[in-house]
Amino acid sequence: METVLCFDFGNTRLKCGVFIDGRLTETRVLVSDEPSVIRPLLDEYTPDKMVLASVVHHHPELETLLRAHGRLHVLSHLSRLPLSTPVGKPETIGADRLAMMTAALTRFPGVHLLVIGLGSAITYNYVDKYGEFLGGSISPGMEMRFKSLHHYTAKLPLVEADWNYPLIGSDTRTNILSGVLLGMAKEVDGVIGAYQDRYKGLEVVMTGGDTLFFSTHLTQPVHIDPDLVFKGLYTIGQWNIM
Numbered sequence: 001m002e003t004v005l006c007f008d009f010g011n012t013r014l015k016c017g018v019f020i021d022g023r024l025t026e027t028r029v030l031v032s033d034e035p036s037v038i039r040p041l042l043d044e045y046t047p048d049k050m051v052l053a054s055v056v057h058h059h060p061e062l063e064t065l066l067r068a069h070g071r072l073h074v075l076s077h078l079s080r081l082p083l084s085t086p087v088g089k090p091e092t093i094g095a096d097r098l099a100m101m102t103a104a105l106t107r108f109p110g111v112h113l114l115v116i117g118l119g120s121a122i123t124y125n126y127v128d129k130y131g132e133f134l135g136g137s138i139s140p141g142m143e144m145r146f147k148s149l150h151h152y153t154a155k156l157p158l159v160e161a162d163w164n165y166p167l168i169g170s171d172t173r174t175n176i177l178s179g180v181l182l183g184m185a186k187e188v189d190g191v192i193g194a195y196q197d198r199y200k201g202l203e204v205v206m207t208g209g210d211t212l213f214f215s216t217h218l219t220q221p222v223h224i225d226p227d228l229v230f231k232g233l234y235t236i237g238q239w240n241i242m
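Counted from 1, the sequence shown has number 45 at position 45 by our numbering; the numbering is strictly sequential.
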């Protein structure tokens, strides 16, 4: 029985996915990347392999700790991947983007792909039918939009997401909900439509913590997979850890 731990360290959350014999059995949100937090997890699962995808400056002792408990691969543009990255400065591609594209390409080989990640930022990632990541775009994510309205104004409050929002807001809170969430939905719909006009047979895959709620406000067809990054990390581990 093989156990693989996949660490996804993003700007908002630090998470770990546990795979046992190729099946994702558990996901955990970690309170920090301090060794005192990570070590009990390693002792609990005694992993055979580990994959780390980090877009933050993680704890300087983390990689040493992980290597002491099993075989580790740290995801980067130098990793063996099922896609190529013929873009300028491939070293700047976020590890989470590489993971989600890997999972999408594994599921939908040989077609044009638009992979959308809803996180601290919204990333649009285009992979052509030959498996080449040709770029995409980045825009502010949901929490960033809410916080910006609060931070850069004198009186607008900080609003929490509520997916039951109206088209026409009746007070400040519902005005902000409509502006942020409907604005995001129309943005995503518009970007998908632009890609569909250019690339026939395009498949669209979306991931992120709020995708199940957000997708109900889209008019364009999308494949939803909240665990896409973890699945990509597992696949990358199988490619890179012998």
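Keep in mind the hints are simulated off the structure, nothing from the lab.
Hints may contain errors.
Unchecked claim - Listed below are the simulated EDC-like cross-link pairs for lysine to aspartate or glutamate, each with C-alpha atoms no more than 16 Å apart in a straight line:
no.	residue 1	residue 2
1	K49	E63
2	K15	D227
3	K147	D128
4	K186	D171
5	K49	E91
6	K155	D128
7	K89	D33
8	K15	E2
9	K200	E143
10	K15	E26
11	K129	E26
12	K147	E132
13	K155	D171
Treat the numbers as computed from the prediction; the structure is a model and nothing was measured.
Hints, one by one, checked against the model:
With a CA separation close to 13 Å, the supplied pair K49 and E63 stays within the 16 Å bound. The straight-line distance between the Cα atoms of K15 and D227 is roughly 11 Å, inside the 16 Å bound, and the hint therefore holds. Taking the CA atoms of K147 and D128, the gap is near 35 Å; set against the 16 Å cutoff, the hint is violated. Annotation: proposed proximity of K186 to D171 is violated, straight-line Cα distance about 21 Å (limit 16 Å).
For the suggested pair K49 and E91, the alpha carbons sit about 24 Å apart, so the restraint of at most 16 Å is broken. A hinted pair counts as satisfied when its Cα atoms are at most 16 Å apart, and K155 with D128 does not qualify at roughly 45 Å. A hinted pair counts as satisfied when its Cα atoms are at most 16 Å apart, and K89 with D33 does not qualify at roughly 28 Å. A hinted pair counts as satisfied when its Cα atoms are at most 16 Å apart, and K15 with E2 does not qualify at roughly 20 Å.
Restraint check for K200 and E143: not satisfied, since their Cα atoms lie roughly 33 Å apart, outside the 16 Å limit. Taking the CA atoms of K15 and E26, the gap is near 11 Å; set against the 16 Å cutoff, the hint holds. For the hint pairing K129 with E26, the CA-to-CA distance comes to about 32 Å; that exceeds 16 Å, so the pair is violated. As the CA atoms of K147 and E132 are separated by approximately 35 Å, the hinted pair breaks the 16 Å bound.
A threshold of 16 Å between alpha carbons decides the hint, and for K155 with D171 the separation of about 13 Å falls inside it, so the pair holds.
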